[in-house]
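**Q** Sequence:
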Amino acid sequence: MKPQDTFAADQSAVMPTYGRADLWFERGQGSYLYDYDGLAYLDCASGIAVNNLGHNHPHLVAALHAQIDKVWHVSNLYRIEGQEKLAARLAKATALEHVFFCNSGAEANEGAVKMARRYHHAKGDTNRHVILCAGGAFHGRTLGMLAATDRPAFREGFGPMASGFIHAPFGNLNELRNQMSDKIAAIFIEPVQGEGGANAAPDGYLEGIRAAADEFGALVIADEIQTGMGRTGHLFAYQKAGIQPDLIAVAKGLGGGFPMGAIIARKEIGEAMGPGSHGTTFGGNPLAVAAGNAVMDVLEDEAFFPELGQRISQLDAGLAELASLYEGKIAELRGTGFLRGIKLSEGYEAGVLNGMLRDHKLLAVPAADNVLRLLPPLTISSDEVDELLRILHNAMKAL
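Take any residue in the sequence shown, count from 1 to its spot, add 6: that is its number in the working numbering.
Hints listed in this document are in silico derivations from the structure and should not be mistaken for laboratory results.
There may be inaccurate statements among the hints.
30 Å max Cα-Cα, derived BS3-like pairs, lysine-lysine [said to hold, decoys possible]:
(1) Lys-98 x Lys-129
(2) Lys-273 x Lys-246
(3) Lys-98 x Lys-120
(4) Lys-367 x Lys-8
(5) Lys-98 x Lys-273
(6) Lys-120 x Lys-189
(7) Lys-98 x Lys-246
(8) Lys-91 x Lys-76
(9) Lys-129 x Lys-273
All chains, full assembly: derive it from the sequences and hints.
**A** Right, here's the structure in full:
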C-alpha cells in the first residue's frame, strides 16, 4: 500500500530543510530503488555516496540481522568486540594506529580538528591552533565545520563563525604556502571536493600539501567522508597520491547505509586524547561496527578493487564519448572513480538535467558550480553502467 493511501501525505510537521523530490521508495535491491508502483530507478545517488554496496547487500544484511539478535547498544563504558576488530582493520589499511568511532561525517571532521589542536597542545605548542582549509570545501554543517566551509550559502544566518579557520584556493600550492605559519595546526583537505562540484585534486597537489605541512610542523587531515571506502577506486582517495595523512575522517560508505563515522589517527595524536578528552554515546556501538566490519569484508576481497577498476574504466570511456558528442552542452567532466561530475555549459542547468534523469528513472545528485554528480554503488554491474550511460545520452540529447 502506498504511503499516501494510509495517511495524509503532509510534510508540514517535517522541518523544511530539504528540497525533496516527490518520490517515495518502498524497497531497494542491488543498484535499484523501487517506488510503491514497482517502478525501478537506477540509483546513482547512493544515498549521497553512502550505499557503497548498493541496497540489500546479502552480507551486510546478514551481519546486521545476526547482531540485532545479540545486543544493540552498551555505550563506550565497556569493551566492544566488533569495534576493536574494525579499528584494527582500519588502522592496518591506513598504516595509522588509533581509531575513534562516531556517528557522522561532520562529527568525524569536528573530532579530527579537535585532535589536531590537542596534539600540538600536548607538545606544549599552545599557539598552534589554526586550521588551513581549501576554498570551496564542504566539511559539514555543524558550527565548527561551517567555519571550515567558506561558501556563503551554507553560512548565511549562522554567524559569527568560529575562529581559527583560514582558507587558500583549492589546487593552488603557492597560495597555500603563503598562508603557512607557526600557528597552523593542520591542513584540512578533501582529495576530491564532492559537494563543491566534484573537483579532483590536481596532480602534485596532495604531495605538495604533505611537504608544506612537514616543513612548517603542521598535520594533514584528509576529509575522506565522501571519497573514502572505495569510491575513487582506492580504499581512500589520498592513497593514489602516495602520501600519508596524520588524521583521516571517514563516514558515509563506512557503514554501507548504517550511520557511522570514524577518525583514524597517528599514534602520537591518539595518545594525546586521554580519557574524557572526547566522547560519544552512540559511536561505535555493536550494530554500527557490525555494519562496518561487513563492509570491510567485501572491500577486502582480493577481486573487489580490480573488478571495480574495470567498471570505472567503462564509465570513464562512456562519459568521454558523451562529452565529445555533446561538447556544446557539457563544459567539463570532473572527479574520479565513482565520484564523477558533469559540469554543464552556460545556458544549461544541472538541476534541470537532474529532473530529466529522474523522469528517465535514474537518480543523481546536484553539486555546486552547475555540476551533476554521479555516485553509483561500487557494486554496479557492467550492464548497469551501460544503462546509466544510455539514460544520460537520452537526457543530454533532449536537454
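**Q** Of the hints given before, which are not true for this structure?
**A** none
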